[in-house]
Each structure stands twice: as structure tokens, then as C-alpha cells.
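Number of protein chains: 2
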Amino acid sequence: MPDAPLEVDVYDTTLRDGTQREGISLACSDKLRIARRLDALGVAYIEGGWPGSNPKDAEFFARARDVAWSAELTAFGATRRAGSDVGDDPSLRALLDSGARVCTLFGKSWDLHVREVLRVRPDENLRMIEESVIFLRAAGRRVIYDAEHFFDGWEADAGYALETARAAVRGGAEVIVLCDTNGGALPWRLEEIVRAAGARLEHPLGIHAHDDGGCAVANTLAAVRAGARHVQGTINGYGERCGNANLCAVVPDLELKLGLRCLPDGALRELTDVAHFVAEVANLPPDEHMPYVGRSAFAHKGGVHVAAMRRSPRSYQHVEPALVGNRSRAVVSELSGRANILTKAEEHGVALDHGADRELVERVKQHEARGFSFEAAEASTELLLRRRAAGYRAPFRLVEYRVMTGRRDSGQEFAEAVIKLAVGEQVVHTAAEGNGPVSALDAALRKALAPAFPEVASIQLVDYKVRILDGRDGTSATTRVLIDSSDGARRWSTVGASPNILEASWLALADGIEYGLAMKSAAQARAALS
Amino acid sequence: MPDAPLEVDVYDTTLRDGTQREGISLACSDKLRIARRLDALGVAYIEGGWPGSNPKDAEFFARARDVAWSAELTAFGATRRAGSDVGDDPSLRALLDSGARVCTLFGKSWDLHVREVLRVRPDENLRMIEESVIFLRAAGRRVIYDAEHFFDGWEADAGYALETARAAVRGGAEVIVLCDTNGGALPWRLEEIVRAAGARLEHPLGIHAHDDGGCAVANTLAAVRAGARHVQGTINGYGERCGNANLCAVVPDLELKLGLRCLPDGALRELTDVAHFVAEVANLPPDEHMPYVGRSAFAHKGGVHVAAMRRSPRSYQHVEPALVGNRSRAVVSELSGRANILTKAEEHGVALDHGADRELVERVKQHEARGFSFEAAEASTELLLRRRAAGYRAPFRLVEYRVMTGRRDSGQEFAEAVIKLAVGEQVVHTAAEGNGPVSALDAALRKALAPAFPEVASIQLVDYKVRILDGRDGTSATTRVLIDSSDGARRWSTVGASPNILEASWLALADGIEYGLAMKSAAQARAALS
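Those protein sequence lines, which keep their order, are chains A and B.
Each residue of the first sequence is one higher than the one before, starting from 1 at the first, in my numbering.
Each residue of the second sequence is one higher than the one before, starting from 1 at the first, in my numbering.
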């Protein structure tokens, strides 16, 4: 809970407007993971989706009911259709069915849209807005009203734009969010309009900005200067066309530069993590140059800058990077030295003999040059150290494997793996099928190990990611596979890399199982001693 | 040549400040190619580099001498070192040696930097500035003065910051460029400072903004509002840390929204091409969501938006995309309705018969539910439409395929594909090897098609991306493969999805080749008719 009251309501629409970005498609389970992370961050509102527009969003609200949220989960929807009864509107019905206590309703402010898109009379649009808000309020919902195209509407006919907002206020909307839907507004004009609208409406205002003119962040700040205290945006600025106002820039600007509390104490330091988490779940490469949270945001490349930074950290940084959970770096080379290896070995309690550190630094470098990345695969790193330490015995060793897959004339697909392993003194030769070549390999490996290690059954493969390094070599490019495994209690990550995607998968798969078995035998040894 | 005088001097520093971005490294020949493209665009100044800092930049100026430039090529450098004679300074000497007629000299405005970084007395810094400008002017050079950290300097000691600018004016600098070097300024404060500095200096001012607070574009516009008429920035916003002000947003904002002429007549329409050209030469993926010039900048994904766009093009676009050489697109996805399919068919000139649109919307939804994503795969979308249109004949049909891969006891890896295709009346059965299963499939497909379609040799696979959908199903999760192909002139994207990664790869691979062959035969048919 916040220690002092928050001064700005942060309204996150990553899960609704963010998914309008070309290239994003979130599964329902992805949306729930992101919502939980946003909830932990402490935003005031999380817009979960538009339940009337697609079944996936309706499912989200159904599954969200079982979770205890600190934030308000909001459902998005449109005002009722023209010329129909508000009680018969399926979109409004879907809002009620979502179970969300707060509904965000959008309506038209711009006469052009009313005439040319809705094709209704201006007074019917006002009724659509007012009646829809009343309907939701009567059903016990709180209503946030998104005044779509408010700024374009104001320029075309300020009087009418205000009338639409007043209709929402009369209906009982608690905040009127002025939207720069087309994203072309400029800050000083937007600020004037927010100020003027605030003076006439005398009602709480919010802002929803898009980045089509490159000013979404500045526009959001300008609206706050003019009195808005409800700020909509998305993590990483995801959104339709050029995106929405990026909360990862807006929130630190508001907190660190305007001195307005937006998040609970200490939450700002989570921001870099949250930005990366959301990119990871959305499977988009993070924008490394993003203000505040990008990996390069406090990276200094120019020799002059790096030298100056050593004399005065303020000299080339506008804020202290730790405030947003980021860090300062000199871009020269990030190559690991012996210190990294020694620290890592201490972390894992691995005793290395003399000279092993140098040898391991070399091995890490060689592996990374072939496409491995150890920073995201702690278990593979630990295995690398353990294999070099005295007394470690690998539970199995691969002799050979072969995978066959394809599609027959009948259309039937098949995938089969044949595997030969040395397990202790034995050689095990077996085969298994799967619905793809990697699941066939996984099945064969488990089948080969089960007699000697029945505990392999408790190790599950829980995530599988593939990245192509330097895609410009086409199908011959190096493939990096990251696998997450779990035994129900712990979760660990392993890595493999090869130009052959199945070899890369094999390497990560085998590390994942080996690590799981080694951990279990270490636990058993400890239990036997105690 | 411009038809009317330009009102703002556009100063491009892509080749100097842009290359400070982490991840950019331009060869001298790359820099020359970019400079020529910028020159054709019509910017006033092209900053070629910092000849005193590295030999590559010195080489650039040597090679640039043989080219006839319309723009002024400028060389960047620092004021003389502390306590030394201006005539002995190697950095100033390098500026003269570059042969550039215009030199951009940067000096310190912020007392913190003078004390802690330069470690000189404030009056010595003033002498360093004035003497360095006088030295270059005496050698017949025009001088632009970059007042580094001017805004931070102003906040710390406005009087001293002004003194440094006056020293440059006294020396003979023709314009004083106020730099927000750390990128943390906010527009309204920056505007006040530019206005105040302008009133005191009564000398032409410029602006140089960075994006650390997410306000570089707005800050640049704010400075112009306050009287600056010289604007520094980079193409695509490349630059140290979070980047410089993005000229691809600043210039259209100035021309289309502030009504200030920045480029010769018609040049604005080149902007999208220039942005992509520079990304291509820098070997960076273009930011598809960039204002104005991004591929998604005018892409409409939500069904509501696309339907509205068909009724009124202004409804969801802040400017006409053709003004900056971009275009509007409907994105086909699960969020699409019939409007998206109809718009797409019109874009590609595909005539659909009655009812086909509904059927295709269904087909898109079914495919997307299986893991396909058409929004990133325009060529697969087009094939989906064409296959439903009258008169389309696919160049080949898969009968069956089989892939074998693995690692032998010897450690030797292998990958082999066997493929059977129907090509016209013939059935072709062949096999090929690769260094992984996908490259083996690719090789076998080409081998099977080469006798009937020798032009397949010109189609290259140029990028290959894999993404696991809902990775929590582990190795049984659906795999989505995106492939980019090229025939040297055009580039297109295709998609495949399946729980079997090789089946997904096959689908994307086959679409990529089919699309390439269909485009070539269409081009031949047009040529034969004309």
C-alpha cells in the first residue's frame, strides 16, 4: 500500500490498446501474467480488454475473477448502437457480463465521426453517450468515459465536443478522459484545450495520447500541467500505429521531474524489470534505446563521455539510473573476466581447483561465440562449472540420436526420435514419437532415463523459446534455444545453440534434464547425511 | 533547388551523433552513401564526423572532397585544450585539414562540467571558446557553435551559460546551438530558456535535443516556437543512449503542423524512403512504429478502425500518409472484419467473387486460431486471397516430405530432406542435405523446382524467425515461423504454424517460394501483353 496518497491515477491499457499494435498477439494466459505484474507494480487501473469485441477478452475477465487484485481491473466498450435500446445492446451487456466493477466507455466527440462514421444525428450521439453511462451506473458500475478524438473534435467544433463530454458527466462518469486518438496533437495546443475544457466542465479529467506526431509523452505531461490527474498509456508504448504514450517514460517524468506521486513507494525501481517482462511475454525484442528503461538508456559509448562519467556521474545522465531500476554502463566491451567466473562459482558453492577459472573463462567465450548465451541460462552456467569441479559425475551421456519427421501423401504428419544413451555402465537404445521433432526427442530421452532415474517423471519442460541469431543467413543462421524446466518446486533455464535447430534443442533439453537429476541426487545426499 | 526560401535550417548529425548509438558502426563508404542520400533530400547541413577523434572520420572528409554537394558538409570538433595555444591544437588543426567550409565547434556551458570534467577556471573556458572560434574564422571557415549542456548550465548558473554563448558570438560564430545534451529537459521550461536566451543574445539560435525524457521531438518544436531556426537531429533518431531528436518526426511536424518550410519542394515525400535507406545501410531493423515513416505508422488493425477508414480516411489518420511517402494499410488479424479483407483485396488488385470475403474472414480466423499470424506476413495474406480468386494456379503442390537429422556416435551431425512435389503434370521426387533440417528442406524444394522454374534460383531466403506460442505447453506448443524472401528487388514475408517446428517451417518456406514464382509469372505476363 502507498505510504502517501498518489497524486496521479495511472491507467494501463497495454492489454487492450497495446494489443492493437501490429505484431502483438497475446494469449489469455499471457494477459493474465502481464496483469499480475502490473498489479504488483501498483498502477491504479488495468484495462483488461474489450469483452464485447472478441472471445479471448471475455475469457480474460472470466479467469481474472479468481484472482485478488489490488488495482481496479477495467473492461472497455463502446456506447450503445444508434437507434436501439440501451438494454438490448450486446456490447454493453458484455461489459456487465465481464464482472468488472469499473467500465471504460468510449464515445464520439468529433462531429466528423458522428456524421461520416456513425452516420447519426449529433443529438442521437449525445443520447447514446448519456444513456450508456446511465445504464452502467444503474447496474452498479463505476464509469470512466474515454472521449475519443476529443482534440480533433474541439478544433472542428469545440461546443459540440464539450456537449459530448457533458452528456457523459450527466450520465455519471467519474472522469472524462480526453483522447488524442489520431496522435497528431502538439503539446502547447493540447495544454490550452485541456485547460479550457477543465474550466468549462469542472469535472475530473484524464489524458490518452498517441505518438503519431512523436509527442505522446510531452502531450501527456502537458495535460497533467493543465490539471489532468488520470493518465492512460501502455508499457513500452505499445499501441495502434505508432503506439500509445509510453508509461515507462511518462511515469518517471511525472515522478522525478514534476514531483507527482504515481506509484507506491519504491515501485519506480521496478520499472525497468516490468518493461522487460512485458516485452518478454509479448515476445518482442525490447527497445534498447527507450528512455529510462532501455538497456542503452544510460550506456555511454563516446570516449569523451565515458571519461567524463568517471569524473562526474551527473555529467552525462539526466537522472540517477537506479531510480528506475536501470544501470549505467560503459560500452567498450562487456566481456567476462575471471572475477565473473569466481563470483558465480561462489554463488553456487562450487569449489574450483587452481587454473579452472581461466579455463572456464575461455570455455564461456568459445560457447558465446557459437551462439550460446549464459546470462539467461543459469542452470547451463552452473553445469558448466560443476562439470569442471572434482567429484561430479554426469547422470547420462549421449551416444547418438536421430530424428525423422515429415508429412505423408495422406496428409498425415509424423515425428519420431531414436536415441542411444550411456547411463552408468549401460547403453540404452530406444525410440519415441511426438507431435513434433522436439517433443519426440524429449519423450525418447525420458523413456531412456526412466528405468535408472524414475524421478525424471517429475521434471517437466515448461517453456521453450527459439531465437535466430543474425537472421540474414536465412535457414543456415545460428539457432539459440532456451528451455525452462520445473520439478514443481523449482524452475531452471538451460541453453543450446547450433545452426541445426534440433541439435540446439537437444543441447538445451539434455542440460535441463541433467540439471534436474543432479539437483535431486544432491538433495538426496544431503538428506542421507542429516 | 527550393522554389521558395527555406525557413528552418535542417542540420543532420546522423553520421556523427547518430553513430554514437550502441550497435551502430558505419564504414566510410556507408557514410558516403548516407551523405549522398541526405544531400538529395535537401537538408541544409550534413555533419560528416569528428575528424580529430578518429581516422575513419578524417578519411570521410578526404573522400567527400571529390563529390559536388548541394548541402554544406560540416566537420565537428572541440574547443582548444585548456592552457595551450590555439595554433598548436591538434583537434582544431584536424578541422582545418578536413577541408570543410563550415565547422561545428562544441564548448562547455555548464559550470559543473567546467569545474569537474575540464577542471579549468571559468574564465579560461570562455577564452577557450572565443579563441577557438576566432582561429577558425581567421582561416576562412564559417562556424556553428554547439553550446553543450546549455539547459543544465542555465539552471545551474544562467549568467555563466550566457557568457559562454557570448564568447562564441564575439569570436564570430554565426549561430549558437543550444544543446540539451543529457536529454532530460521538458518542453515548456526549454521554451522559456530559449526565449530568454534569445532576448539576451540577440543572435540566431539553434536546438540540439536528446530523447532521455521522451521529449526530444517536442523540445525541438518548442525551441522553434521560441525562435530557433536551426534544427539538429538524426534520421530515425539514432544517437547516444536514447537517441537524438528524430528528424523523420521533427521535419514533418514543422512542415505539416507548424507550416515552416524545412526542405525543398517535394522532398518531404522522400522521407519514408530515406528512413528505410539509412536503416538498411546501418544494418538495423527499421522501427516499424516510428511516427510518419514507420511501416505501421498508418496501419489499421482494429476492425472498428478499418471500417471507419473506409467511410472517412481522416477518421484515424492525423495527416495524409502520401505527404511523407508512406501509405495506409489494413492489417489482417483475428481482430479483423470483412472490411479488412475487402481493403486488402483492393490493395493487391485481387477480384473476389460474391461471398468470398465472409469465407476468407472465417479462414483467417481459423488459421490464426491455429497459430498463424497474417499481419506480419503480407505475402501469405495475398496468397490466401489469390488462391480464392478465379484463375489462380499454384506453381506446385506438395505430395509428401520427410526430414532426418541427428548426431552419430562419432559426433558427426547430419540433416537430410526427401521431398515429393507435383509440378504441373509431373511428380518430382528428390532429396538434399543441409547444415540443419530447415536448410535441407529449403535445398530439396529448390532442387525439385529448378527444372520447371529456373527463376527459383534468384529467390533467396533472407530471414527466418521462430516464435513459440504459449510456451508453457513445452515442446508440444505451437510454433510460428516467419520467413522473409527476396529476389534482389523485392522482399516479402510468409508465415507457417504447427506444433511441429519443421511443418511450420515448411509452410512458410513453400509460401515464400510460391509467392516469388507467382509474382515472376505475373510480371512476365504483363511484359508479354505490353
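To be clear, the hints were calculated from the coordinates, so they are not data collected in a lab.
There could be a bad hint or two in this list.
If several chains are the same, the list does not tell them apart, and a pair holds so long as it fits within one copy or across any two.
Only pairs whose alpha carbons sit at most 27 Å apart, straight line, appear in this in silico DSS-like list of lysine-lysine [unchecked claim]:
#: 1; residue 1: K465; residue 2: K520
#: 2; residue 1: K465; residue 2: K56
#: 3; residue 1: K365; residue 2: K257
#: 4; residue 1: K447; residue 2: K365
#: 5; residue 1: K520; residue 2: K365
#: 6; residue 1: K365; residue 2: K465
#: 7; residue 1: K465; residue 2: K420
None of these values were measured; they are calculated from a predicted model.
Structure-based check of each hint:
no., hint, verdict
1, K465 with K520, "within (25 Å within a copy, 36 Å between copies)"
2, K465 with K56, "both (23 Å within a copy, 25 Å between copies)"
3, K365 with K257, "neither (40 Å within a copy, 46 Å between copies)"
4, K447 with K365, "neither (34 Å within a copy, 38 Å between copies)"
5, K520 with K365, "neither (29 Å within a copy, 45 Å between copies)"
6, K365 with K465, "both (22 Å within a copy, 25 Å between copies)"
7, K465 with K420, "within (25 Å within a copy, 31 Å between copies)"
When the structure is compared with the earlier hints, violations turn up for hints 3, 4, 5 and for no others.
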